[in-house]
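Peer 1: The primary structure of each chain is shown beneath.
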Amino acid sequence: MLNLILRRIAVAIPTLLILTIVTFYLMHAAPGGPFTSEKPLPPQVLANIEAKYGLNDPLWKQMVNYIGGIVTEFDFGPSFKYKDRTVNDIIAQGLPVTLVYGTLSFIFAVVLGVSLGVIAAVNQNSRFDYLAVGFTMFAQVLPNFVMGPILILIFTLWLGWLPGGGWNGGHWQNVIMPVIALGTSYMASIARLTRSSMLEILRSNFIRTARAKGIPERTIIWRHALKPAMLPVISYLAPVFVFMITGSFIIDMVFSTGGLGYFFINSAYNRDYAVMMGITLLLGSLTIFFNMIVDIIYGWIDPQIRY
Amino acid sequence: MRTVFEKDKMNALADNLAAMDTVKGRSLWTDARKRYAANRAAMVSTYVLLAVVLFSIFGGYFAQFSNEEIDWAILGSVPEKGQPSIASGHYFGADELGRDLYARVIQGSQVSLMVGFIGAFVAVSFGTIYGAVSGYIGGRVDSVMMRLVDILNAIPFFFVLILLLVVFGRNILMIFIGVGLVSWLGIARVVRGQTLSLKNKEFIEAARATGVPTFTIIWRHIIPNLMGVVIVYGSLLVPDMILAESVISFLGLGVQEPQTSWGVLISEGTGTMQYGTIWQIGFPLFFFTTVLFCFFYIGDGLRDALDPKDR
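The listed protein sequences derive, respectively, from chains A and B. Under the working numbering, the first residue of the first sequence is numbered 9, with each subsequent residue one higher. Under the working numbering, the first residue of the second sequence is numbered 23, with each subsequent residue one higher.
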C-alpha cells in the first residue's frame, strides 16, 4: 500500500514539473510582454521597469522565483491586465464558485449515475432498463455546452422558473442549472458503465454461489456485487474530474457564474498570461492530485492491482 | 478386361474436384463483416453518417449563397425574414448577420468532420506504432516509454491546448496538434497491452527464428493482428475529437471567421435563441447530435463485430 502511494507520488511530481515548465515556457514564448502597449514606453524606462520586476533575468531564474513564490507564500504574482488585482485575488474570487457547483455536480453525477446503473442492471430488460439506456444514450450526445443553453431555453425563457445566469452568492436557484448542465452527460456515462459492469458481475460464479446459498437478492447486490462492480466506475472518476473542470469553463461562459473558467477564458482573450498561468497551475495540480487519490483508492479496493 | 474404376468416370470426378472452389476459410474479417452487417443499429448509423459526409461534400453545390456573404435584404430583420424557406434560398434560414445558414452548416460540417477523422487517424496511427514498439521491445525501453505516457496522461491537456491556441494563434493546425498530442495516449496503452500477449505467440517466435528484423516483425506481424482493437478504438476517438473541437470553438478559441464548425454554430445559435431564431441552433445541433449518435452505435457495432472474446 505504502509502495503504491510512493509510486504514485513519484509520477505526480515530474508531471507537475513538466506542466509548470511547459506553461512557463509557452507564456514567455508568447509575443508581447506585460509592459508592451499601444503607446510604447521609452526604451530606457521599459528596461528599468523590466529590471525592477526581474524580467531581464534568464528564464530559469524567473521560473525558480515564480515557483518559489507559489510554494513559500502561495503568491501567483500580479495580473497583467487588472490594475488593482493580483492573481491570488482572482483565484480567491473564482475558485469557491467553481468548487461549489463542481462538487455538487460531481456528487450529482456519481450518486445518480451509480443508482441508475445499478437499478437498470438489476432489472435488466425491464421497461425501466430500456428507459435508462435510452436516456443515457441521449444524454451522452448532449454535452454541457448544448445542455446549458437547452436548460436556459426551457426553464428561463419558456417556463420562467429559474434565472438564466449569474451566481447571486450561490443561491440555489442559480446553482441548480449549472449543476445539472455540467453533470448530466457524465452521469449518463457513469450509469452506462455501472450498468454494464454490474451485469457482468451478476453473471459471475460467486454471485451464483451466493444465490445458491439462499442469500437474499438485496444483500447480494449491496454486499457482494456492488464493490467489484464499482471498479471500472472508480477508474473513470479521474477523467470525469478533469472533464468537469474543462466543463466548468463552459458553464461559466453559458451561465455567467463567474467561476475560475470565466477568468481563464477572459484572460485568454486579453492575453493576461499571469492569470492564465496561475489558473493552469492551480487546476492542473488539483487534477494531478485527484488522479493520484483515485489511483490509490483503486489499489486499495482491488487487491489484484499490484504495482 | 473390365477395370474396376472406369477411367473417364475417374477423370470426371477429378475435374469436379478441381472445379470446386477450395474450402473458404472464415477469416476474422469476413466474420466481423457479417456480424456488423447483422447489427441493424450500426448499419443504419453507417448509412446516416455516410449521408452526412456526402451532404457536407456535395451539399455546397446546391447552396444559393456562400458561407461568408451577407444577405443585405434580410439583415436587421433576421428573426422575421431569415426563417428557413425554399423560396428565399436560405434552406436552413440565416444567421444573426444575415449569412446563409445552409452554406455555413455545410462548411462547419466539413471542418468538424475533418478534425474528427484526420485527428483520430493521426492519433491512432501514432499511438499504435508507439504502443507496439514499446510492448515488443520491452524491458527498459518499454518502461521509459510508458512512464512518458503516464506523465503526459496526467497533464490536464485542455489548459495546455488553450495556452497553445493563445500563444501561437488560433488555427486548425494548432487544434490538430493540441488534440492530437494527448489522444494517442490511450491507444498506445491498449496496443502495448495487446502486443505483450502477442509477442510470445508461436508465429512471432517463428519470424524471429528465421531472422526477420525487429521492425519488420512489428510492422508485418504485430500491427496487422492489432487491427481489430485499433479500429474499435479509432471509431470511438472520432466523436471525442469532434467534441473537443466543438468545446474549443464554443469558447471562441477555435476556427476563425468566416470559417466555422459545429461548435461555433451552436455557440452562435445559443447566443440568439432568445430572439426566437430557434433554427440557428436547431440545424447545427441536429447534425452534431446525429453524427455523435451514429458514431456511438458504429463504435458499439464494431466492438461487437471485432471482439474475439465473442466468437
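Treat the hints as calculated values from the structure; they're not laboratory data. All C-beta atoms in this analysis are idealised placements derived from N, C-alpha and C, irrespective of residue type, glycine included. A few of these clues could be false.
To be verified - In silico contact screen, one side only, chain A against chain B (beta carbon under 8 Å); selected entries:
(1) I26
(2) I29
(3) N56
(4) A147
(5) V154
(6) L290
To be verified - Derived Cβ-Cβ restraints for the label pairs, each shown as a range:
(7) B:G215 / A:I305: 32 to 42 Å
(8) B:R162 / A:I223: 30 to 40 Å
(9) A:I29 / B:I108: 18 to 28 Å
(10) B:R169 / A:M9: 16 to 26 Å
(11) A:L107 / B:V166: 54 to 64 Å
(12) A:I29 / B:G160: 25 to 35 Å
(13) B:R230 / A:T227: 47 to 57 Å
(14) B:V166 / A:S212: 29 to 39 Å
(15) A:L49 / B:T236: 32 to 42 Å
(16) B:V166 / A:R211: 52 to 62 Å
(17) B:T312 / A:P51: 31 to 41 Å
(18) A:V72 / B:R242: 14 to 24 Å
(19) B:R162 / A:F297: 38 to 48 Å
Peer 1: Against each hint, give a clear statement of whether it holds in the structure.
Peer 2: Hint-by-hint comparison with the structure:
1. Evaluation of the I26 (chain A) hint against chain B yields a held restraint, the C-beta minimum of about 6 Å falling below 8 Å.
2. Annotation: interface hint on I29 (chain A) violated; nearest CB of chain B at approximately 11 Å, more than 8 Å.
3. For the restraint placing N56 (chain A) at the interface with chain B, the shortest Cβ-Cβ distance is roughly 27 Å, beyond the 8 Å limit, so the hint is violated.
4. Annotation: A147 (chain A) was flagged as interfacial toward chain B, and the flag is violated, the nearest CB pair being 11 Å apart, outside 8 Å.
5. For V154 (chain A), the suggested interface contact is upheld, since its CB lies about 6 Å from the closest CB of chain B, less than 8 Å.
6. Hint on L290 (chain A) is violated. Least Cβ distance to chain B is approximately 10 Å, over the 8 Å limit.
7. Evaluation of the 32 to 42 Å hint for G215 (chain B) and I305 (chain A) yields a failure: the beta carbon distance comes to about 22 Å.
8. Against the hinted window of 30 to 40 Å, the Cβ-Cβ separation of R162 (chain B) and I223 (chain A) comes to about 49 Å, which falls outside the hint.
9. At about 57 Å, the beta-carbon gap between I29 (chain A) and I108 (chain B) misses the expected band of 18 to 28 Å.
10. As the Cβ distance of R169 (chain B) to M9 (chain A) is approximately 21 Å, the hint placing it in 16 to 26 Å holds.
11. For the pair L107 (chain A) and V166 (chain B), the supplied restraint of 54 to 64 Å is violated, since their beta-carbon distance comes to about 37 Å.
12. The given range of 25 to 35 Å is respected by I29 (chain A) and G160 (chain B), whose C-beta atoms sit roughly 30 Å from each other.
13. Remark: the range hint 47 to 57 Å for R230 (chain B) to T227 (chain A) is upheld by a beta-carbon distance near 53 Å.
14. V166 (chain B) and S212 (chain A) have their C-beta atoms about 37 Å apart, which keeps the hinted 29 to 39 Å range intact.
15. At roughly 60 Å, the beta carbons of L49 (chain A) and T236 (chain B) sit outside the given window of 32 to 42 Å.
16. For V166 (chain B) and R211 (chain A), the Cβ-Cβ distance of about 40 Å falls outside the hinted range of 52 to 62 Å, so the restraint is violated.
17. A C-beta distance of roughly 58 Å is found between T312 (chain B) and P51 (chain A), which places it outside the suggested range of 31 to 41 Å.
18. About 50 Å separates the C-beta atoms of V72 (chain A) and R242 (chain B), a value inconsistent with the hinted range of 14 to 24 Å.
19. The hinted range of 38 to 48 Å is not satisfied by R162 (chain B) and F297 (chain A), whose Cβ atoms lie roughly 29 Å apart.
In this structure, the earlier hints numbered 2, 3, 4, 6, 7, 8, 9, 11, 15, 16, 17, 18 and 19 are contradicted, and the remaining ones agree with it.
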